[in-house]
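Colleague: Chains as they are written, first to last, in our numbering: chain S, 1 to 111; chain P, 1001 to 1115.
Simulated from the structure, these hints should not be mistaken for laboratory data. Glycine residues also receive a C-beta, built at the ideal position from the N, C-alpha and C atoms. Any given hint might turn out to be false.
Computed Cβ-Cβ distance ranges for the label pairs, DEER-style [said to hold, decoys possible]:
| no. | chain 1 | residue 1 | chain 2 | residue 2 | range |
| --- | --- | --- | --- | --- | --- |
| 1 | S | GLN22 | P | LEU1039 | 40 to 48 Å |
| 2 | P | PRO1070 | S | LYS17 | 28 to 36 Å |
| 3 | S | ILE12 | P | LEU1083 | 16 to 24 Å |
| 4 | S | SER95 | P | GLY1040 | 26 to 34 Å |
| 5 | S | GLY16 | P | SER1065 | 34 to 42 Å |
Just so you have them, the derived chain S footprint on chain P, three or more residues with Cβ under 8 Å [unchecked claim]:
| no. | stretch |
| --- | --- |
| 6 | 1041 to 1049 |
| 7 | 1106 to 1113 |
Residues from chain P shown here face chain S by an in silico Cβ test under 8 Å; the list is partial [stated by the list, open to error]:
| no. | residue |
| --- | --- |
| 8 | GLY1056 |
| 9 | GLY1058 |
| 10 | LEU1090 |
| 11 | GLU1103 |
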Amino acid sequence: KNQVEQSPQSLIILEGKNCTLQCNYTVSPFSNLRWYKQDTGRGPVSLTIMTFSENTKSNGRYTATLDADTKQSSLHITASQLSDSASYICVVSDSSYKLIFGSGTRLLVRP
Amino acid sequence: ETGVTQSPTHLIKTRGQQVTLRCSSQSGHNTVSWYQQALGQGPQFIFQYYREEENGRGNFPPRFSGLQFPNYSSELNVNALELDDSALYLCASSPGLADNTGELFFGEGSRLTVL
């Protein structure tokens, strides 16, 4: 069964600190992996999209990595800001029309 | 702003009623997909429309139906509402089918509460 598992479920960090969110997937065949940021009650906003051949991709203070062999991805946030408080969702495409979403990691950045 | 607009933003219905949610896609985008997001969960794929034809469907019963119009705007219709249909319904548009690396642009969602 195609699944996307994210950890931790929730995370609290202090402003200015770094953090890393994890994503493991069993989706096959694999097309691409995406990370989205979703503020409470809002629509998701794309952070990165990576294909099979890409190991890392950055978007400002966000850096995503992909290990297609172990089927793992991570999202690293550097020098966190209060505005980083949100849910971060890992999404995997299985080469068809279908996107499989993880349940997300809820990040809270405290002053 | 993604250029994708959804209406209404919030609505309350009772069990057994029918609801229509609307989505205007970003200019130039011919693909629209719909997702259901229960509280605390990730979005679940409902279906996708490409150039006015349903292109794929997730594990949702037939009472979930949709339309895409010539201007690529879209509707999601849900009949015989159940309590478990309470969720945030998200629409996303893209310039092509979502199996490529094209960006998905989400609207802000329609929050449906079924009493």
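Colleague: For every hint, state whether the structure bears it out.
Modeller: Hint check results:
Take S:GLN22 and P:LEU1039: their Cβ atoms lie about 23 Å apart, and the range 40 to 48 Å is violated. About 50 Å separates the C-beta atoms of P:PRO1070 and S:LYS17, a value inconsistent with the hinted range of 28 to 36 Å. The hint said 16 to 24 Å for the Cβ distance between S:ILE12 and P:LEU1083, and at roughly 32 Å that hint is violated. With their beta carbons about 29 Å apart, S:SER95 and P:GLY1040 fall inside the hinted range of 26 to 34 Å.
Our hint of 34 to 42 Å for S:GLY16 and P:SER1065 is violated, since their Cβ atoms are close to 49 Å apart. Here the stretch 1041 to 1049 of chain P counts 6 residues with a CB under 8 Å from a CB of chain S, which clears the bar of 3, and the coverage holds. Interface restraint, the stretch 1106 to 1113 of chain P with chain S: holds (5 residues with C-beta to C-beta distance below 8 Å; minimum three). Of the supplied interface hints, the one on P:GLY1056 holds, with its beta-carbon coming within about 3 Å of a beta-carbon of chain S, less than 8 Å.
With 8 Å as the threshold, the beta carbon of P:GLY1058 comes within range of chain S, its nearest partner Cβ sitting at about 7 Å, so the hint holds. For P:LEU1090, the suggested interface contact is upheld, since its CB lies about 6 Å from the closest CB of chain S, less than 8 Å. For the restraint placing P:GLU1103 at the interface with chain S, the shortest Cβ-Cβ distance is roughly 6 Å, inside the 8 Å limit, so the hint holds.
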